[in-house]
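Below are the chains, spelled out letter by letter.
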Amino acid sequence: MVKVEFLGPIGKEPIEIDAKTLADVAEILKQDPEIKVWLENCAVAVNDTMVNRLDVELKDGDKISLLPPVCGG
Amino acid sequence: MVKVEFLGPIGKEPIEIDAKTLADVAEILKQDPEIKVWLENCAVAVNDTMVNRLDVELKDGDKISLLPPVCGG
Amino acid sequence: MVLIYQGPIDVDQLLSRWYNAEHNRNYGAMVSFVGTVREEGGIEALSFDIYRPLLEQWFDGWKTKLAKEGALLAMAHSEGDVPVHKSSFACAIFSRKRRVALEMLDAFVEDFKANAPIWKYDVIDGERIYAAERSTPMAGSGLLSKEG
Amino acid sequence: MVLIYQGPIDVDQLLSRWYNAEHNRNYGAMVSFVGTVREEGGIEALSFDIYRPLLEQWFDGWKTKLAKEGALLAMAHSEGDVPVHKSSFACAIFSRKRRVALEMLDAFVEDFKANAPIWKYDVIDGERIYAAERSTPMAGSGLLSKEG
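The listed protein sequences derive, respectively, from chains A, B, C and D.
Here the first sequence is numbered in our numbering, starting from 1 and rising by one per residue.
Here the second sequence is numbered in our numbering, starting from 1001 and rising by one per residue.
Here the third sequence is numbered in our numbering, starting from 2001 and rising by one per residue.
Here the fourth sequence is numbered in our numbering, starting from 3001 and rising by one per residue.
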């Protein structure tokens, strides 16, 4: 199981899902309409490292973070 | 008579000279070797306005300032 | 490390702290930026969420980059509500000569706006509304919407 | 008006004064620059001469230029001796949005170095030595060395 957390304005509690790669995570998240609308504009981190490939392999206990558009300052 | 003042590091007391234009001032100042060496690097103001022409006409009581290279901060 | 304030930054105290910590280490230049909440659009405050682990990483990347130029970087940001006319963001760069500090301040603040993991909300009538239109997708956004 | 300090600038007091005078006038950004005397070349201090009438004119030109962009400019400089690790120059720009302030700070400081009528001396063993090699001829220099 991996943990998916939704940062900032997504305003959703973390979920635990079964996934071997980020492609699996994408497939699962697309099934929730509330989350699907955020995916296009979200960056992704695995265990607090930014990633940009869907074939990143996941292991039990990994943490995936979805980061929506930012505006500091 | 016009007054010529030497700012910053030139370290010379103001002088009064007879001059109808800045060209006259240039001629007179070139005769003092101590001042001549500064002329190449000095900007000039007449009555606290920067000037860049030698044919500027002068009248009695005008103040000419010689401004050597600057370095604020 | 980024200094996180709960609510507004005490700018006087912060700039003084930074200046006094560094001005006798033979840096010739200190530049700083302070961002203050403007009164507009009927807001009473802005509010901020921060994801600290990635903020620290992003900040450390910049600190290292500046250290290679012999410069030092400091930053503070607010979490939670910051009323109008109070400040939510401050940073300072110290360098030997002015050029590095002046150039890097602009680059740092722009990258901060685009890539620091901080989310902004307008507070209107006590309600917190995500500032979606003013927000920027981070580098690499959209990964999970790609067709696998 | 340029604030002239006899000797070092009290930076804490100055930045606090500027920030508190302006942060509630709905400016969103304050950028500042502080120049500090570096210990190098065996100097014990730098020393400065200022020609105030032209400094004010030069400064007013910049103030007007920035006012057209909706920005506000403030500046302070030392006259006389400023020991190493003390500060001799400070400026701040306030603007509605950050871009104007960030861009103008760099442009202002560079023009200050080239065209503000201020002369710098190294103070070594109590002696005041003109910093000729670090100084820049002002725009229009050499007029009186031309052949009439």
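Do not rely on the hints blindly, as some may be mistaken.
List time: in silico DSBU-like cross-link candidates among lysine-lysine, alpha-carbon distance up to 30 Å [what the hints assert, rightly or not]: (1) D:LYS3097 to B:LYS1020; (2) B:LYS1063 to D:LYS3097; (3) D:LYS3065 to C:LYS2065; (4) B:LYS1030 to B:LYS1063; (5) A:LYS36 to C:LYS2065; (6) C:LYS2113 to A:LYS3; (7) D:LYS3146 to B:LYS1036; (8) D:LYS3146 to B:LYS1003.
Note that these hints are calculated values from the structure, not bench results.
Check your understanding: Are the Cα atoms of D:LYS3146 and B:LYS1003 separated by 30 Å or less?
Key -> holds (20 Å)
Check your understanding: Given the hinted pair D:LYS3146 and B:LYS1036, is their alpha-carbon gap at most 30 Å?
Key -> holds (11 Å)
Review point. Are B:LYS1063 and D:LYS3097 close enough, with their CA atoms no more than 30 Å apart?
Key: violated (43 Å)
Exercise for review: Decide if the proposed pair is consistent with the structure: A:LYS36 and C:LYS2065, CA atoms, cutoff 30 Å inclusive.
Suggested key: Cα-Cα ~36 Å, so violated.
**Study point:** Pairwise hint evaluation, B:LYS1063 against B:LYS1030, where the allowed Cα distance is 30 Å at most
**Key:** Cα-Cα ~18 Å, so holds.
Point to revise | Straight-line alpha-carbon gap D:LYS3097 to B:LYS1020, limit 30 Å | key: violated (51 Å)
Exercise for review: Below or equal to 30 Å on CA atoms is what counts here, so check C:LYS2113 against A:LYS3.
Suggested key: Holds, at roughly 28 Å.
Exercise for review: Could you grab the alpha-carbon distance between D:LYS3065 and C:LYS2065 and see if it respects the 30 Å cut-off?
Suggested key: The hint is violated at about 34 Å.
Of the numbered hints listed earlier, those contradicted by the structure are 1, 2, 3, 5.
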